[in-house]
Amino acid sequence: MTPNNSLYRKIAYLGGIVVLLLPLFWLGQPATRGGDEQSKGGVLEQLRDEYELGQADIGAIDPASEAIRLATLGARGIATSLLWSKVNHYKMTEDWTGMEATLKQLAKLQPYFIAVWRYQSWNLSYNVSVELDDVKDRFFYVKEGIKYLKEGIGYNRDNPYLLDDLGWFIGNKIGRADEHEQYRTLFKADDELHAPDARPEQRDNWIVSKDWYQRAVNVIDAGRKSIGTKNPTIFFSNPAKSQINYAEAIEHEGAFGERARRAWETAARMWRNYGTREMMSSFGVLIRLEDRERWDQELKDLIAELESLAPGLRDQMEQEAEDGLTPEEEAARAKTGELSEEERVLRMDAEEKLQITPQKLAARIAKDNPEKASTVRRLANEIDAANKRIRMIDSNAGVSNYEYWRARCEFEQTPEALKAQELRYQAHILWKEEGQQREAKALYEEAFDLWAKAFAETEGMPVDSATGGDIMVFVEEYGELLDQLELSLADEELGDKFPLWDLVEVNDQTRAFTEALTAYKARVNAAPKDREADSLINPSEALTDVYTPRVEQGDDDADGEAEPAEDEAAADDGPAAAESE
Amino acid sequence: MVLERQILPYLQWLLYGEPGGMGALLRFVLVLLGVGLAALVIGFLVAALRYGFARGGDMTYRTVSGGFVELLHTRWRRVWALAMLAVKEARRRRVLIALGVYLVILLFAQWFLSTDYPEPARLYLSFVLTATTYLMLGIGLLLSAFSLPSDFKTKTIYTVVTKPVRAGEIVMGRILGFTIVGTVLLAVMALASYVFVIRSLDHTHEIDAAALKTINIGGEMRGYDGSTDKEMGHRHLIELDADRRGLAEQDRGHVHEILPDGEGYDVSGALGLMKARVPKYGKLAFIDRNGAKKDSGISVGYEWKYRSFIDGNTQAAAIWTFDGLDPNTEDESLELALIVRVFRTHKGVIGQPITGSIKFRNPETGQSSAESSFLALDQQIDEMSFARAMFDPDDNPVDLFEDLVTDDGRLEVIVQCLEGGQYFGFAQADCYIRQPEGDPRANFFKVNLSIWVQMVIVIAIGVTVSTLVSGPVAMLFTASFILLGFFRQFFLNVATGQEYGGGPLESLVRLVTQKNVMVDLGEGVGVTIVKSIDAVFQGFMWCVGQLLPDFRSLSAVAFAADGYNVPWDRVWQDLTLCGAYVVGLSILGFFLLRTREVAR
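Residue numbers (this note's numbering), protein chains in the order written: chain V, 1 to 581; chain A, 1001 to 1600.
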């Protein structure tokens, strides 16, 4: 090799480097902002901007975090593993201070790793807190988990997972733990968790939780982040659910009247807004939960339009189907008692033949009237689509129990339900704190009458729902009070006046009222028409008509059942009727 | 505090060890003999291979006998002179930069530390002391590992060996010199860290006089109560007497003294942030729910087996037997501390602590005091005081010291949980008699002494190894020694087959084949070969394990962090161990250096 060869090779390398630097410069050119010359920068810069990958776009840039990451000299992975294992060790040896301090170091090492914030904040709020015995100590670590998550949000603002988790921690952990009464009080009193000028109701954990959930929803609505793998039906329901929980909680704690009504009114509004929100269903189609009725009507209209193409054809097909059954199928249909396997199959075949679906009808119309085939095909497709849409709405509405909560928000706003809550609270205080048993009993009875009326007025509120379960707690209290007075709901006079037997029938988990219920039913069955109860609702009517859970009925039945309730509400001519109108 | 291993009295540790164990002295002699014998055999084999059997034997004999004679002629004056040379060398190598590094660490420590924890002093102390430990070990490692190899490389060793000094004196001189340098650095760091902790945690509070409530009893004004403002993430409840004097109640492990200052109040700095509790521990035994004696209580399913539990509202009890008490003492009370770990199987009344009982019993006569009930403070030190005048269960008066302490000074403390379905957990160190507290500054010094011990051991290892190999190799060897020393127990557990996953080769096989430690490898020739090779490895590991210093147990950081006094027994044990390593390694270093051509 001559010296010249070596020189040429080096020049070639240098040239290569320069050539490669050009695309690198083109790709990596930084953006210039402000001033006269504005540039979007190179491809990489534009991509960073588009996907918000810059550190400043993600959240806070912390010098401490940057310093510790640089100080590991590329061994961040090892340092993280060691710290993680140290956290586990501290947790095992119950060194909570050491554990928390290590968690903070861990977070500084990987501040943009969402799973760390989520997992370790859960660890603090849920796992560490329960390891302590004193309620204040427990709350301290619940709060530490919340603070940890907030720190994570500081680094990763707009992350819907962290925002949603924070809403859950503040709502669920503070408001649903066994210690929720103490936690809620401590939460309200804690200056660290609230702005200094926060009003008392703004310090309620459910309201704070609602705000964080709302922030998460806003991020998605603004299109700043993706909802990821979160279930939209649950995710978007959270703010409204927190408002519902708030309304429940303040009533439980003794806030009634206008304040409670406003809380429920807001909840109802938020729940309706949630119902009208367009959400991606699990089948990848956009739906609105509130559209269920509209699609029902659409389906009915489509079927009517289809039937109008061949008037009388449905009846004719039904008759033909019945005539076309084999003797074995007819025998299987007619048979009562236990069926053999073969008979069961025959009966199922017969039922299928007798069912005239829109598709069968459409096929027949197209066959009989070829000129209408294209119209029929379109209608059949539209009917099919409407059916699918209804199934999707039902399926998603079931996930958030949409119909129930909609009815519940209406139910709780009724003057009767609001007053009933107040009365049962006063009854409890009178009995437990002031020892006035007789007065308490009267208040409980008045509350039950009002609840019965509220049930009658509110469409779609079944007694076997969570509401029924909640009220059952007060019925049990009432039963306990009667025991002290040496009375019982099995007593004829009391039993006949009691208006919530149907609620007791489905919610009496402890079976404490079985005997009283049996006695009451026997009396009702013996002379249903002669009995006149003193309560606002005739119990026998209530049992058979008003309180029949509509969710278990078909559409036609539900319509049919609604009438007596509406009639009764109208007949009562009280504030409830006016309110519902 | 968590004390997983009992600290034995110094002489018992030195001569007998734990019951059924071996004294430290005997262990030292056995290790020395083992290492000496191994060195002799290896030396002889090498010499025999190079020079033949007879001449090799003769050379070995001459080396050993000559070596010991030379060692006996060691002169401390020359050792001191060489030590001073090592100090100068360390200064030339800008060792003081370490102080700068330490100050930078302290400067930026505030970024990662917070006073917003239930035990801020614990966090701060453990941080500064751990940082000091790691830095001192690093300094010891770098100073010792590169010194001699560098001299060999630059030939400056000739300026030393041409003087009338012996190889042993060179080794000891280096160890001593670097120890002096390390000691000075450690002293400065200890002072800086002490000031850092005190300055970081010291604070005071403001009191809004108008917000205080008056305490009236029977129409008479008895004082005031209320709270301080929030500072460093906490506020204190306060109760003042009618003269407006009092204490801010304990929070975050400290109190404040409050004095009137005109219309307002003067609140002192934090008192009691650093403590040096002096506990007198007893021996713990258990009684199960049926009244039978047991060595341990029951497990409630915790992974950590440090504590075992007694069930409430049964006969189950934890019994501590204390000895060395004076039945003729003039003390008016017995000061006791109890740490209870509460485990609930049901919530009970939320917000209400679990009730327990405590009583004292004479282990000889069985005479006992009536039970006193207490509310369990979970995971906290409950400091109790029991007046000597007590009553027995039949309401007859008894004297705690005269009647319940035996003539040879023994007393039983019996603790029970009184609520069914709830449990109390205890370890031996969870109940102790409180003796007058020590000086936290003296305690801080003792903890730094434990760091010093670790540093000296590292220096001794580094200097010894560097007599034979080059600087980087010596550094790697010493670093490995330190690393293994921190995981000594695990290393020994692997060597003795107590860890899941087998020996080193089996672990490698499991890693490669992605079989976790619980999966059975099965049988076969391959597995047999792997296990056989591992048996050899494990034997070797066991031998190395006997030489390794246990750096974790040498650390006394937890004592200072938890606010407990480091017992003098523990300090003497550490110093003895350090001396043993220095002596053993100096002898080894001397013989290794003699093998080098230059040092003969």
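No lab work stands behind these hints, which were simulated from the structure alone.
Be aware that a few hints might be false.
[To be verified] Pair by pair, the computed Cβ-Cβ distance ranges are: (1) V/Thr229 with A/Val1519: 29 to 37 Å; (2) V/Glu66 with A/Leu1511: 51 to 59 Å; (3) A/Lys1305 with V/Ser85: 56 to 64 Å; (4) A/Phe1112 with V/Thr185: 44 to 52 Å; (5) A/Val1002 with V/Gly228: 38 to 46 Å; (6) A/Gly1021 with V/Ser85: 46 to 54 Å; (7) V/Arg272 with A/Lys1305: 16 to 24 Å; (8) V/Val506 with A/Asp1208: 52 to 60 Å.
In this text, all values refer to a predicted model and were calculated from it rather than measured experimentally.
Quick reminder that beta carbons are idealized off the backbone N, C-alpha and C, glycines included.
Consistency of the hints with the structure:
1. V/Thr229 with A/Val1519: 29 to 37 Å: Between V/Thr229 and A/Val1519, where Cβ atoms are some 32 Å apart, the hint holds.
2. V/Glu66 with A/Leu1511: 51 to 59 Å: With Cβ atoms ~34 Å apart, the hint is violated.
3. A/Lys1305 with V/Ser85: 56 to 64 Å: violated (19 Å)
4. A/Phe1112 with V/Thr185: 44 to 52 Å: Violated - the Cβ-Cβ distance for A/Phe1112 and V/Thr185, about 33 Å, lies outside 44 to 52 Å.
5. A/Val1002 with V/Gly228: 38 to 46 Å: holds (42 Å)
6. A/Gly1021 with V/Ser85: 46 to 54 Å: violated (30 Å)
7. V/Arg272 with A/Lys1305: 16 to 24 Å: Violated, since V/Arg272 and A/Lys1305 (Cβ atoms, about 57 Å apart) do not stay within the stated range.
8. V/Val506 with A/Asp1208: 52 to 60 Å: holds (57 Å)
Violated hints, listed in ascending order, are 2, 3, 4, 6 and 7; each of the other numbered hints is respected by the structure.
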